[in-house]
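Enquirer: For the record, the sequence lines run as chains D and U.
Following my numbering, the numbering of the first sequence begins with 1 at its first residue and continues without gaps.
Following my numbering, the numbering of the second sequence begins with 1 at its first residue and continues without gaps.
A couple of the hints might just be wrong.
All copies of an identical chain are treated as equivalent in the list; a pair is satisfied when it fits inside any one copy or across any two copies.
To be verified - Straight-line C-alpha distance at most 30 Å; calculated BS3-like pairs for lysine-lysine: (1) LYS178 x LYS215; (2) LYS215 x LYS185; (3) LYS232 x LYS85; (4) LYS85 x LYS346; (5) LYS314 x LYS188; (6) LYS178 x LYS85; (7) LYS279 x LYS108; (8) LYS178 x LYS346; (9) LYS83 x LYS232; (10) LYS178 x LYS188; (11) LYS346 x LYS232; (12) LYS83 x LYS346; (13) LYS188 x LYS346; (14) LYS279 x LYS83; (15) LYS346 x LYS279; (16) LYS314 x LYS85; (17) LYS178 x LYS279; (18) LYS314 x LYS83; (19) LYS188 x LYS19.
In short, the hints are calculated from the structure, not lab data.
2 protein chains.
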Amino acid sequence: MSANRRLRVENLQALMAQKDLSALVCRLPENVVYLTDYWPHHGISVAVLPREGKPILFVPEVEQEYTQSEWAEVVPFGWGLLKDKELYENYRLLIDSVVASWNLKGKKVGAELSFEVVAPSYRIAEPVVPSGPWNTLLGEIFAESHLVDATPVLHEVRAIKTGYEIEKLRIANSIAEKAIQSTLKELKPGITETQIGALIEYKIRSEGPGFQGAKLVRAEAEVGAGPVGSTKGTLLVPSTTYRVQERDLVMIELATMVDGYFSDLTYMAVVGEPSPRQKEVHNALLEAQQAAARELYPGNSFEAPDRAAREVLKRAGLDTYFVHITGHGVGMRYHEPIPLLAPGAKGVLQEGMVCSVEPGIYIPGFGGLRIEDNVLVGANGPIFLSTPRQPW
Amino acid sequence: MSANRRLRVENLQALMAQKDLSALVCRLPENVVYLTDYWPHHGISVAVLPREGKPILFVPEVEQEYTQSEWAEVVPFGWGLLKDKELYENYRLLIDSVVASWNLKGKKVGAELSFEVVAPSYRIAEPVVPSGPWNTLLGEIFAESHLVDATPVLHEVRAIKTGYEIEKLRIANSIAEKAIQSTLKELKPGITETQIGALIEYKIRSEGPGFQGAKLVRAEAEVGAGPVGSTKGTLLVPSTTYRVQERDLVMIELATMVDGYFSDLTYMAVVGEPSPRQKEVHNALLEAQQAAARELYPGNSFEAPDRAAREVLKRAGLDTYFVHITGHGVGMRYHEPIPLLAPGAKGVLQEGMVCSVEPGIYIPGFGGLRIEDNVLVGANGPIFLSTPRQPW
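If we strip away everything but chain D, and leave its shape as in the complex, we get:
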């Protein structure tokens, strides 16, 4: 394992030492990816990290070939077939053996006790989340010990991306953008929102695997078009069977997942030629987005990018239509909590943070626009991981 790859685990272990955590027990897919660089298929894998050394990855036999032994000691277990033990019997065996061999009795152990928003496992049709039974098991095993919520520590270390994650995020963004750009070439009156979104997802799913080493690739595209549909895109609004018309604004919100690493983009297009007003509004928004991005340097406040975007929109008379935040962390999840680029957000930007930069304006009767890129806080300022947009 290269120094660059190992770095994120070492950073986490340094934090564990500070907090006196002797081990971490993780089941959320996003944390299993973080510790082992393996995106669980069924969501039942467990990663256990000691304060020093490699994690153990406990994984169903059928998934073993996707794991990476440079990252973790992989321990397969039978699951899902008639021959196999019950899942929780296996969980108990695994954790008991770790407690014994790492001598964890009476030590503080971190677990995921306070999540709600999570990244999916590869099998998006059926998430599996550690809830009641898992907490009961951990409570029984660590009764003599102290079970600590490791969520804050995990979010803190995940917020600073190493070169390895940054490269993965570039790949996810590249796969996403190729699909958007080739779909936009086919944009014409009569196609529905759902068809546009389905086409983007299709291209990502069919062409993503194999691209620069990507294996497991998924996408969710939601499209809102026209004066009404595009305005609804302030939050996730499902694509509808509305057929786009000449001069409609088209907003594409796209999550792309590549081996457990996420891209979060919003693209704007117009069917045919944009009107002068569409150009004017789009270009003011783009200016606001670029102004926000320019504030992404180490030591600047979480608030500064948001403030910069609002100032540009105020000068253009559009600030009252900008009703949401400017950005959020992105990487091991579609939305990560650090950093938060919003009015009143407390925090200081650090080199290695990656966030969405996505001011948006939603003008009743006219339409909604949002431009969203994924940007790294570099040592000397912003580094776009997606392709900066051009004025219309």
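Following the hints, put chain U in place on chain D, whose structure we already have.
Expert: Relative to the frame of chain D, chain U by itself:
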């Protein structure tokens, strides 16, 4: 609301009376769908059901137009924009007001305390699950009361489908089968497993919305082909970039979600003409699947369909390759726990249960086959909700 629609909520309320539950508080998307026929987009909606009368559905403003007021009293709340309160502040206000107006202090209230496998909300890229913070809130509000795990009650009532659900499941299966059948016509050497799966998902996503009233449609297709790839399909195995060849077996595992109702199908195909041995094995498996389905009548045991399938395969000398269960419940989730068609499963089939019937055989060096349909336990025997297959 028609009597048929209301029936499932009334059945649940009858069970609540038996268990002395004065109300249910649900957040899992599958239970919100069950109570209100609304598939949450972001996964943060709450459905609260009194022992008599309509549920209250607490839903983000942006999602309100998708809700159905015949099913529930819809209470929108602001979420996600700068103007909005924090989510948990709103949750507390909602539940406090319900406790006051329904006079729930000191009464037993059911909540989802022991799930792990869940159905996704529409936004599959980022599941939201009620975990630590939600349990803390419920614990604070119902401190004087008794908070009861309602999971068993919910699974029990969900296992018996009413005519309304059955119709929804037929639609989900129709959407799925149209996409599979049209994709299989395009099957030819050189196409990759990922491309086959992506094409099926594309057709479902682009053509599903609008079909017989369907609105929100998603799919996950995983394809395994050739002597190795098809054999791996015993569990979820991701599609790869393997290019199918003449005479390859192709196994398509497909989850289809339509407005919160699920279809779970496995289709088999051969690239070009099947070999005599492929035909022989396929047709023996089909005979086993049909034998299992014939056992789906009220009063029969959960074990009987599984036993029937194994007997047919034993006569064909193939039973040692049948390494998993015969079926599971399906409907409000990709996999529901009731009924379980497996060796040793305890339980009695009841009219209205819907399950997968999916014997499979996986022969090293030859390939794997599974035939999976969704079948209703009718008053007089099995009623296929998907299309019964034909011999090769």
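Enquirer: All the hints need checking, so say for each whether the structure fits it.
Expert: Tested hints:
no.: 1; hint: LYS178 x LYS215; result: both (17 Å within a copy, 28 Å between copies)
no.: 2; hint: LYS215 x LYS185; result: both (26 Å within a copy, 27 Å between copies)
no.: 3; hint: LYS232 x LYS85; result: between (49 Å within a copy, 20 Å between copies)
no.: 4; hint: LYS85 x LYS346; result: between (48 Å within a copy, 18 Å between copies)
no.: 5; hint: LYS314 x LYS188; result: neither (33 Å within a copy, 57 Å between copies)
no.: 6; hint: LYS178 x LYS85; result: neither (44 Å within a copy, 38 Å between copies)
no.: 7; hint: LYS279 x LYS108; result: neither (58 Å within a copy, 59 Å between copies)
no.: 8; hint: LYS178 x LYS346; result: neither (36 Å within a copy, 52 Å between copies)
no.: 9; hint: LYS83 x LYS232; result: between (51 Å within a copy, 16 Å between copies)
no.: 10; hint: LYS178 x LYS188; result: both (18 Å within a copy, 26 Å between copies)
no.: 11; hint: LYS346 x LYS232; result: within (29 Å within a copy, 49 Å between copies)
no.: 12; hint: LYS83 x LYS346; result: between (53 Å within a copy, 18 Å between copies)
no.: 13; hint: LYS188 x LYS346; result: neither (44 Å within a copy, 57 Å between copies)
no.: 14; hint: LYS279 x LYS83; result: between (64 Å within a copy, 28 Å between copies)
no.: 15; hint: LYS346 x LYS279; result: neither (34 Å within a copy, 66 Å between copies)
no.: 16; hint: LYS314 x LYS85; result: between (63 Å within a copy, 24 Å between copies)
no.: 17; hint: LYS178 x LYS279; result: within (23 Å within a copy, 42 Å between copies)
no.: 18; hint: LYS314 x LYS83; result: between (66 Å within a copy, 18 Å between copies)
no.: 19; hint: LYS188 x LYS19; result: neither (57 Å within a copy, 58 Å between copies)
Violated hints, listed in ascending order, are 5, 6, 7, 8, 13, 15 and 19; each of the other numbered hints is respected by the structure.
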